[in-house]
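Participant: Spelled out, the chains give:
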Amino acid sequence: MNGAARYNRQIILPEIGDVGQYKLLKAKVLVIGAGGLGVAILPYLAAAGVGEIGIVDDDFIEISNLHRQVIYKSSAVGKGKATEAKAMISELNPQIKVNVFAEKLSGKNALSLFEKYDIIVDATDNISIKYLINDACLVTNKPMVYGSIFRFQGQVSVFNYQNGPTYRCLYPDENSNAANCEDAGVIGVSVGIIGMFQANEVLKIILGIGEVLSGKILVYNILNNEQQKYDFEKNSNLEIAKEDFERKYNATENQIEEIKMELLLDEIENNDVLFLDVRNEDELPKIKLKNSIQIPLMHLENEMKKLDSNKTIYVFCQSGIRSKIAVELLQKHQFKNIKSIAGGALAMKQLLKEDKLKLKI
Amino acid sequence: MIEVKYFGAVAEKTKCEFEKLSFSEELSLQKLLKDLNQKYEFESLTFSVAVNQKIVSKAADYTLQTSDIVALLPPFAGG
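Same order as they appear, the protein sequences are chains C and B.
Numbered according to the working numbering, the first sequence spans residues 1 to 361.
Numbered according to the working numbering, the second sequence spans residues 1 to 79.
These are computed hints drawn from the structure, not numbers from a lab.
All the pointers check out, no bait thrown in.
Pairs of lysine to any residue residues, derived as SDA-like cross-links and limited to a Cα-Cα distance of at most 25 Å, are as follows: (1) C:K216 x B:S67; (2) C:K216 x B:E19; (3) C:K142 x C:E233; (4) B:K13 x C:Y220; (5) C:K216 x B:S57; (6) B:K54 x C:S214; (7) C:K234 x B:L64; (8) B:K39 x B:D68; (9) C:K97 x C:Y44; (10) B:K34 x C:N302; (11) C:K204 x C:I193; (12) C:K332 x C:D272; (13) C:K229 x B:A59; (14) C:K216 x B:A59; (15) B:K58 x C:Y220; (16) B:K58 x C:D173; (17) C:K216 x B:K58; (18) C:K288 x C:T312; (19) B:K13 x C:N221; (20) C:K104 x C:Y249; (21) B:K54 x C:N163; (22) C:K229 x B:L45; (23) B:K13 x C:I187.
Just so we're clear, the structure is a prediction, and the values are computed from it rather than from any experiment.
Construct the entire structure; sequences and hints are all you get.
Facilitator: Here is the structure:
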């Protein structure tokens, strides 16, 4: 094999050898998300010689990503993450095949994408996508290598491995609203460490060595270096058949529309419009418009009756993530004309600075 | 004494990562969770519950023993 020199130091490990290297070459791994976790995972899979790697991400590189998404250069701000990540890892190892999917993972594309790969890596930053990945892995019978972060803590597990327990067995309650990095804050090393644990699980699955983190969740705290493993069992009632999947994701998946605040400047006087702030009351800057109302996301389900469903509702949060969750929630409760404001309060703050947006005094 | 460990957003609410609780009479897991919920107002926070490193059903009918370690594990979303 012409990679003999490149991979020599791992081939000489008795656990790998030529046979292991051949397994890596034949492996196909799909990484969903080329953010903090994804950019830690991708170079190591590529360098180790994983033969085919898919990258799913429709996002663009922002300056505020660079402190933790360390493969992106400052000059790449504004470029697509999946394409940039491919360029980086292809240069690192030109012998592997890299496929880019610059699209959002959804009920429409998940099954056909997953079918082409052996292992699915969840490097996303939002809970509803994790359920989608879990369910699509169940339908296509693929293992899901899960990682996620809350501030200085991370979780790692492998779901649906050889028919083992799934994300739903661990977290059956789908309606949760855990904060992501943009809303909770994060430093680069914590996503790096957890991404590295995920890459390690991927390699172990491919090579068939060690003990895969199936039926166990590893919780790591980088501030005190404590790690705990918790066992959990499979709940066979949480199986998902293809028909259930299609019903759940294709029927309920309304497109979440995003709109830029610049286009809404005339709407702040419009009585048929409501701006809904789903941030907590202590979040800054305070944004109070003539036709705005504040209901923190966690109270939205209970306080939905405060909203007039005949009005067009524009939802915002701090950065534009929670507002999408709110839109989804409202859509489930039959609200029709509802959009999420891209970039949230941070984008609005910019308009305030430029004096294009006026607050109610 | 039983020890309760808190993770992620749950630990933000409790403002501590673990605590030791003493109890005089028989304490069920249900009662402990109810008491903690009253004390910390977890409200809409979702979490799974582990006893001695094993995730158990929240509805489990389980009597806690001295030296049990309970953990509240919320899902994380960052990445």
